[in-house]
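In order, the protein sequence lines correspond to chains W and X. Counting from 128, one number per residue, gives the positions in the first sequence under the working numbering. Counting from 1023, one number per residue, gives the positions in the second sequence under the working numbering.
Simulated from the structure, these hints should not be mistaken for laboratory data. Take these hints with a grain of salt, some might be off.
Selected chain X positions facing chain W (in silico; Cβ < 7 Å) [unchecked claim]:
no. : residue
1   : Met-1060
2   : Val-1062
3   : Val-1103
4   : Ala-1107
Chain W stretches covered by chain X per the calculated footprint, using a threshold of three residues with CB under 8 Å from any CB of chain X [to be verified]:
no. : stretch
5   : 163-173
6   : 277-290
The beta-carbon is built from N, C-alpha and C at its ideal position, and this holds for glycine as well.
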Amino acid sequence: MAHPLFNRTPRGHLQALACGLLLGALAGVAQAEPVLYRFDPTHTFVHFELLHFGTSTIRGRSGPLSGEATLDRAARQGRVQVVIDTAQISTGVAVLDARLKEGDMLAVQSHPRAYLVAERLEFDDAGRVKALRGELTLRGVSVGLTLTALRFNCYTSPLLGREVCGGDFEGQFNRSAVGITHSLPFVSDTVRLLVQVEAIRDDAP
Amino acid sequence: MIRTLFMLLAGLAMATGATQAQTVDSAGSELTFVTRQMGVPVEGRFARWSAQIALDPRKPEAGQVVLRIQMDSVAFAAPEVTAEAQRAVWLDTARFPQAVFQSKGIRAAGGGRYELAGSLTLKGRSHDMVVPVTLTQSGAKGIATGNFTVRRSDYRIGEGEWTDASLVAHEVQVRFRIALSGLPTS
């Protein structure tokens, strides 16, 4: 510790300072409160990937996603809920989009919304979200889903003057588990999800 | 003919005792507004504006208020937003350098409150509105405060894709605080 401040501080004072910091940290944990963040609709999308004839990857996108996250980084807890408008799907191929919306696929008429609710969040030592564990509900059927963070960060938006937290997440599920079996096995059962999310702190800091 | 009309009006003003104008103390005055971007309130302000105010609390209906705002003095906390706001799709400050509020009638609402009916001309379009004002007077000095809502869509502020209000709300709340001196004392 070659910090000039510490060099000038008598030993007893340093211990008192350390004690104070420790108490402060404990108090911080005790007083930690969940903070609500609402999704930024310009930076919140899900991309999906399916392998086509074992040869190339079909990609599509849905969004912007709406939803919110509650984070209590001190207590390492949180909750994320996402609403996906299933009719928003786009692969860049109009006939494929129309086919994907039909009853045996995404069934957008009977199930216009899909949901992702994650109530088990993992944090790393720095308080960054490492993984989200929860359930994806698609066509009214729920399957377990884990989204792993490729990155997670919080920053203060200069435009909004608010804290924004988010990241890139990836996960996968089997579409047969929610009853979408069309074109198996030529189009893979595994659906890879790539989620971009940023969420704006709801209350002024 | 016009000259005669002018003489007649001038004579009428003298006969009825035209309301004396007040002086605006710019140091104690401000004109701000709040937009909502993705649900988050984002404040902006106009640094340069002038007001001609002639208000006699004893005879408010004879009063006159004209507010002129230099639109290129718009400022947000983020310089990127300030630059964006001046562009043609938003305020188009190059083509429409000035916004004007001109009162058409002032009505006392009691307790130092007034209702200013008038017309706001912004980005080349005019709409009638009523602005509530509260005047707190102390001797010849006073503070006029108030706020009102402007729908940006009424003035084509935010054209093209921005006419959609999901990212930037149509309602913009304008807030003013005007420090006055030279108010008539009873």
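Under 7 Å is the threshold here; is the Cβ of X/Val-1062 close enough to any Cβ of chain W for the hint to stand?
holds, 5 Å
Can you confirm whether chain X covers the stretch 163-173 of chain W, using C-beta to C-beta distances below 8 Å and requiring at least three such residues?
holds (count 4)
Satisfaction of the X/Val-1103 interface hint, Cβ to chain W closer than 7 Å
With a closest approach of 6 Å, the X/Val-1103 hint holds.
With chain W as the partner, please determine if X/Ala-1107 meets the hint condition of a C-beta pair closer than 7 Å.
This interface hint is violated because 12 Å lies over the 7 Å limit.
Verify this for me: three or more residues of the stretch 277-290 of chain W with a beta carbon less than 8 Å from a beta carbon of chain X.
holds (count 5)
Take the shortest C-beta to C-beta distance between X/Met-1060 and chain W; is it under 7 Å?
holds, 6 Å
Of the numbered hints listed earlier, the single one contradicted by the structure is hint 4.
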